[in-house]
Amino acid sequence: MAQIAERHKVSAPLVFYLVHSTQFGIGVLGFQKNVVKYAGHDSWISVILIGLIVHLYIWMIYQILKRSSGSLMTLQHDLFGKWVGNGLNIVWIIYFFLGSCAILIGYIEILKVWMFEDLNIWIYTAIFMGLLYYIFNGGFRVVTGFAFFGVVLPLWIFLTFLIFPTRFADLQHLLPIMDHSPQEIFMGTMQMVITVIGFETLFLYYPFVKNIDKSQKWAHIGNLFTTCSYIIIMIVSIVYYSAEEEILRNKWATLAMWKIVELPFVERFEYIGIASWSLVILPNICVMLWSAKRGITEIFGITEKKVIISVLVVMFFIVNVIVDKEDIQLLNKIINMYALGIVFCYIPVLYLITFVRDLWKRRT
Amino acid sequence: MSRMYKQNWKRKDSIEKLFAVFRSSTDFIQYDVNTSHIKYWISYFETLVDVNILNENILKPIHSKYWQSLEELKNILPVKDIFLTIDTDLMKEKLLEGFVMISLSEYGSPCLLVNAKLNKAREVTLPEVEFTVIGPKEAFVESIESNINLIRKRLPIEELRIRTLKIGRLTQTRLAIIYIEGIADEENVFTVWQRISNIQIDQVNDSSYITEMISDNHNSPFPQLLDTERPDRVVSILAEGKIAVIVDGSPHVLIGPTTLVEFFASFEDYFLNWILSSFFRIIRLFAVSFSILATPIYVAVLNYHYELIPTDLLNNFVTSRREVPVPPFLEALFLEGTIELLREAGARLPTKVGQTIGIVGGIVIGTASVEAGLTSNILLIIVALAALASFTTPVYKMGNTIRLLRFPFLMFAEMYGLLGIVLCFCFLATHLLRLTSLGRPFLEPIYPPRITDLKDAFLRMPFSMMNERPKQLRTEQPKRMDEEKSRENKDIDE
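Same order as they appear, the protein sequences are chains A and B. For the record, in the first sequence the residue sitting at position 351 is 351 according to the numbering used here, with numbers rising by one throughout. For the record, in the second sequence the residue sitting at position 421 is 421 according to the numbering used here, with numbers rising by one throughout.
Chain B with its partners taken away, still in its complex shape:
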């Protein structure tokens, strides 16, 4: 008896403490009400509660219907999430999520917790970062419920698994790991789960925090997890056997394990005919190599190997550089720096001002610096083209990496010319060979070479040929569909 009393007393004390803490915030509301048949206390955070739900679904039935105990009340209220509890930790958690708490005495328990969450989420809008001309026009928003809804809608199957957990000591961010059971490799799921649960951080404000915390190599400029704002892309990737991570408050969903070539594939490639999209992929690949190598090659050739250029072409180079007083390296560095400056300024400004910056920078500074004899116009063309090419990368984060890469290449080109470029390439290749994404090789299907995975790498082969899931993922169901049915060969005139 005394033990029970003690427990009761302890609990009472902690409810009092809980309220004392909460009352120090002005948006915490608590009052008592005398209805015709009973007296009750009600407490909630007015900033977290939807007033409509509170009035219509909670207060109205309380006052209009007859009830004697909280159990009876629980059956009366037309609200989905409702439970009785004596656990003060749960009370604290739920009150902070936007529940309304009803009790029969001021510090009495048990208490009834009724869901009256205020859901304020942005409407589902057009994808802005990964816009495609054709194809679905939905993009993720900041609310995790709405994002999961967008995925579930497109994958109405029982095998879709969603596991949620909370990360961040202060922000208490909800996070969901999504995969398809029977396709995704259990080991991959376990890796993701384990790495996420090992995270020690106080705040998670975006999925990028999670990317950085769970990627294999923190010291790499390459993003090792793909992020997307397109539900269709997530669904297609889940069907391949990958794992998606949704973070509440972030419109970008993380996808892993991923490979380097995936970062150069736009999702629009799957909406176009395979011949066209293969062509575009090759163009993009060319653009990326051009964007990294163009200025370094210019520096290397003009510094060390001008014999490489045929005489007719060399004339143009010499004429354009005749009045430039600085060596090619400084000239290139100056122009590359200007372009980066323009990009950074444009990114920080509102769209309309940003356009002006582009015009001012591109036309005025460019022509003026050539006329002033600070740069050669050939280099100006090369740098502008390289900058243009770097924007063809479909994934924003990879575009940034590409732009950074040309600076070490420039330095090596200045030191050893073409030899330096090859040497720098070797360093880059080593780095990429060593990288892994969730423990799977990042450079696959190039190395380790896997021919089946190459069908969706540099080229996009027709869907009927992509009848196997990527080998890299070690999926539990390697076949996508029946091979014979997908390829029905008919003879001519049959």
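This is chain A alone, in the form it adopts within the complex:
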């Protein structure tokens, strides 16, 4: 694989934004329902649990990549040979691609339900694809730039979660702690998977980071920040809603919390919130899709510009075809399963394989 030129690389602390912005996205608006279904008012423990698991996985990813000569694509190619390796690579690429599609589809669904009933998806996605094309043509530095903006600019929205709903909070809702069995909490944790995935894009942008050894710390801090945000939102939701049933009835519990935000000059804050949320989901889509694009270029050696255009065209059609509620739910289910398999089961296997290979190499 060709070495990445220094001017295309990003500095190590920016990994914080890359990791956090990919994990923190569309899921925030309505992740409570599925977790609360199993873990009830102990759901925040499930969130902590998934945070710890992701820390372990980030550590594993770094261990795996340290033993490779580049990204995941080259590693799998080296390990399993041309056919199997590239087959696995394509599985990963489809995963990244579907993931980014699902985010945009989910966002458009929210737009239609909350803001514009008669949104013309064709035109909206066309503009969105234009934006993505413009971003990708700027290279990875611009993608990282959006990861940065997507974290920093919407930070103020976080205050609205803290200030307004907590006025109506009742801390009694949290008690008794550990009321649910470990199985239930673990089931809740499994539901969090689709919300926290995204950190695995690290596999692809790893060669694009300067001083890679220093970046691991930042990746962990990024995940810590994500976990803390999710815990806070989860706790606020539990104490704000008067009953668990209310969370279960809300597909987008976070969004519904915005309804009580009231300022002297602004009512119905959710409009501002949803519009600003495009800044949050944009890096999400960007990094995921960039990883898919990067993977395709690495495997097939096609010029990046062609890959960008074809990927965007395919995405455009997929987003426009999957509009039904059932289809969207199916897609999310597929991605949840996909993520469980490819991220949470496959990465440890890969870690073991590289670990054993390393031992073997040292012995001989």
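Do not take every clue at face value.
[Said to hold, decoys possible] Residues on chain B that point at chain A, a partial pick, calculated with CB under 8 Å:
hint: 1; residue: Phe-19
hint: 2; residue: Phe-22
hint: 3; residue: Pro-310
[Stated by the list, open to error] Straight-line C-alpha distance at most 25 Å; calculated PhoX-like pairs for lysine-lysine:
hint: 4; chain 1: B; residue 1: Lys-92; chain 2: B; residue 2: Lys-74
hint: 5; chain 1: A; residue 1: Lys-9; chain 2: A; residue 2: Lys-325
hint: 6; chain 1: B; residue 1: Lys-17; chain 2: B; residue 2: Lys-60
hint: 7; chain 1: B; residue 1: Lys-471; chain 2: A; residue 2: Lys-9
hint: 8; chain 1: B; residue 1: Lys-120; chain 2: B; residue 2: Lys-60
hint: 9; chain 1: B; residue 1: Lys-455; chain 2: B; residue 2: Lys-479
hint: 10; chain 1: A; residue 1: Lys-210; chain 2: B; residue 2: Lys-153
hint: 11; chain 1: B; residue 1: Lys-80; chain 2: B; residue 2: Lys-65
hint: 12; chain 1: A; residue 1: Lys-210; chain 2: B; residue 2: Lys-471
hint: 13; chain 1: A; residue 1: Lys-251; chain 2: A; residue 2: Lys-361
hint: 14; chain 1: B; residue 1: Lys-65; chain 2: B; residue 2: Lys-120
hint: 15; chain 1: A; residue 1: Lys-214; chain 2: B; residue 2: Lys-471
hint: 16; chain 1: B; residue 1: Lys-471; chain 2: A; residue 2: Lys-217
hint: 17; chain 1: A; residue 1: Lys-82; chain 2: A; residue 2: Lys-251
hint: 18; chain 1: B; residue 1: Lys-39; chain 2: B; residue 2: Lys-60
Hints in this document: simulated from the structure, not taken from any laboratory. Cβ coordinates follow ideal geometry from the N, Cα and C atoms, glycine included.
Assemble the complex: chain A is given as a structure, and chain B must be docked to it using the hints.
Quick look at chain B alone, frame taken from chain A:
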């Protein structure tokens, strides 16, 4: 022997040709003079030559002193720039710069070239575009010598480097690249040098020509090089490690590499207390965002999200818009267009007439259009405030960009409301992320985030804290001063 003759003949021929060409212009003077001891020919352009120098320093010694050859004459004449040459190209160049040529025969060589340039430059005056209440009151003028003098006077150090070259096939404009060696990054200097020498153009009438030719992205509305008319600003920027380009005939000096935030910093910020200037910078930042977003938000809210406005406020909006027959978008476009019209008309007219235009436009058209029911008065207030806010940008070129930016935002707001505004912001952010100034990121220190450079971005921290030069410039001497000495901490009652 024959070869020498041939060379001599060739040279003679080209001098003849040179004169033949020059004589077709009526301001070219050539005549022969018989003094008491020798006969000589003298030629010059009367429009380029200072008559005083010619009379006092050239003709007077020629006639009053005894000399036999041009070498002797060279030692007699009390003029600084004087040389003997047989090179006809040099003769041509120097004659066109205002030198006087003296020879002993009509087409003979060598010839003596004596500097008698007529220097007509405007006096150094007050800065008008970047006026500050306090601080130095000098501004650059059109002459490159006088501009370099203004800079050298303020930087009497040996490390100041000035490299000159000529640009423009027809205008032959002189251009100087100025930097401080040992501070400015060699790579940056090389980039500037290379881009300027690659310019292919026939005329350079102002430094803006150079800006456009050497900026990284020609298709961007954002200026990628800062221009200033203040020598103090240039000096401060050279000390930071940047590079200045002076173009002869232009009172604006170019500075690069630059960043976006620099365009919103007035040089007066450094003359005021840091708390005050930080406050003013924040106000300016607010003004810029207001100026871009105010009308688009009005359109977005009234078109799509009137639920956003609390009921009491909504009453006012409804009342003011009750008689307006057009949708908010057209209404906003109409008013914004009027403001642009007024600005453009005011800019093209002399100051006194311009003021009248402002009064007529601002008061008469504004109130009349509200009374006629064409616009709502709330929008009139918003548009007027936005126009006012756009004039707070200290750099004129950036002010123009800011005014242009609100139109795409308006269009997106009309399409998707607040969502459209965010979408348009994303396009803008991508554009800014992609921009570079002389190969260095334009959005720094926001992205890539560099905390040390943020000390002089949105806020202006005290000088004692700004002990490092901007990281973006990759200066060869990153420290400005000794940190320990600059921050002497004393305990209370010590």
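Numbered hints the structure breaks, given as an ascending list: 1, 2, 5, 6, 10, 13, 14, 17
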